[in-house]
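Protein chains in written order, with my numbering: chain A, 1 to 84; chain B, 1 to 84; chain C, 1 to 154; chain D, 1 to 154.
If you are wondering where the hints come from, they were derived from the structure by calculation, not from laboratory data. Incorrect hints may appear among the rest.
Claimed, not checked - Here are the simulated SDA-like pairs of lysine to any residue, each with C-alpha atoms no more than 25 Å apart in a straight line:
hint, chain 1, residue 1, chain 2, residue 2
1, C, Lys125, A, Ala21
2, D, Lys59, B, Gly72
3, D, Lys69, D, Phe10
Here is how the chains run, residue by residue.
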Amino acid sequence: MVTLLYFARLRETFGTSSEQAVLPDQVGDVRSLTEWLRQRGGVWQEELAAARPVRVAVNQDMASPDTTVRDGDEIAFFPPVTGG
Amino acid sequence: MVTLLYFARLRETFGTSSEQAVLPDQVGDVRSLTEWLRQRGGVWQEELAAARPVRVAVNQDMASPDTTVRDGDEIAFFPPVTGG
Amino acid sequence: MAARVQTEDFDLGAEIARLRQGNPAIGAVVAFVGLVRDLNENASVSEMTLEHYPGMTEKALTEIEAAAKSRWDIVETLVIHRVGALQPTDQIVLVAVGSAHRHEAFAACEFIMDYLKTQAPFWKKEQTPQGAHWVDARESDETAAQRWIPPQAK
Amino acid sequence: MAARVQTEDFDLGAEIARLRQGNPAIGAVVAFVGLVRDLNENASVSEMTLEHYPGMTEKALTEIEAAAKSRWDIVETLVIHRVGALQPTDQIVLVAVGSAHRHEAFAACEFIMDYLKTQAPFWKKEQTPQGAHWVDARESDETAAQRWIPPQAK
Chain A
1 MVTLLYFARL RETFGTSSEQ AVLPDQVGDV RSLTEWLRQR GGVWQEELAA ARPVRVAVNQ
61 DMASPDTTVR DGDEIAFFPP VTGG
Chain B
1 MVTLLYFARL RETFGTSSEQ AVLPDQVGDV RSLTEWLRQR GGVWQEELAA ARPVRVAVNQ
61 DMASPDTTVR DGDEIAFFPP VTGG
Chain C
1 MAARVQTEDF DLGAEIARLR QGNPAIGAVV AFVGLVRDLN ENASVSEMTL EHYPGMTEKA
61 LTEIEAAAKS RWDIVETLVI HRVGALQPTD QIVLVAVGSA HRHEAFAACE FIMDYLKTQA
121 PFWKKEQTPQ GAHWVDARES DETAAQRWIP PQAK
Chain D
1 MAARVQTEDF DLGAEIARLR QGNPAIGAVV AFVGLVRDLN ENASVSEMTL EHYPGMTEKA
61 LTEIEAAAKS RWDIVETLVI HRVGALQPTD QIVLVAVGSA HRHEAFAACE FIMDYLKTQA
121 PFWKKEQTPQ GAHWVDARES DETAAQRWIP PQAK
């Protein structure tokens, strides 16, 4: 079980700010997790399309596609940040 | 007649902050004015020695040795500035 | 070193007074204040809402401050970032650095702002006459942060 | 654009509030505050006296602000410099710049400080246990100002 968080435009488009998910065996890093969510189709496929500049944080650290994800992790998806 | 002003260390060493002076004919620029003052000897010769980093302003603008001085000018002598 | 995320406004004078209070080793303070403009990318802005990622925000800001401290000889740093609804002329963010000499304070303050802009999880949504929209990240902010990376590390 | 020389202290918060008051085009303010340290060149400083050249000071500061305005796209500038007797932790100088975007405010503020340090007629005299002495100009301040001169103009 992992916690998935969505912020800003993604939160609005997905219509949710968080969910609990059980990862299938083939999901071991950010890349495969994103691919798995994309397979939900619709807005998921659209917002998480490879061309979209989506950022991912694993346990509140900025992550890359190769970053490992494992049970208990908090994984957040969001657009490039625009604070300051 | 010109007004000569002295600031900071020069003011203290010369023992005066300002004087009125009538320039001799051969004094036409900052270089010759400085040389003329240097000829007073003593602390004047010492503080205005060529090796000393003295700054000169003519009519409240930073000047160079070639800057012209003429009757009615306000000419200030001071060490490199240290504000801020 | 302190990082705060808050909905309330902040008092620049009081924050800087606290930052340097009783520390005669601080000879220079550089403070940056970011404000809501009424115009962005040629659209007039009537209101802005700032969202953030609680927990990660504080962590990211603290890490950026620590990076600045390890890089420059500075004494104090402070970051305050507001969230929630803000109007034009409202204060958004304060970054302040205190150091013995001025160049370190200038460099560290600008470094913290550049990294905050690209690394701290805040998002702006603007209200304009054409409706509300999420602000797009600017390429120039990415470029600004990149210039702090030593050439050999790129 | 304003330049003030005064013996009284200044209120950072009030000055910045006035600088940006009612101007929603200002998205960034960078403020520099210079303070008296209790240590300079390894000597402990108990008091400092600042002397200036009345008339030329205001002229020099105004010219430096004008140079910054012609060089960067900035909206407001303010310089306040104190003179007279000051103690450690006292404020000496405030330079503030307001602009639409942050990089212009950072650059213009640092530019004004670097030129003030080498062009504005102020002199510091420090009181130390070894007696009073006039502070020597620092080569590093000259170098700092030089870096703003375009290569072809040097």
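Which of the numbered hints above does this structure break? Hint 1 alone not satisfied by this model.
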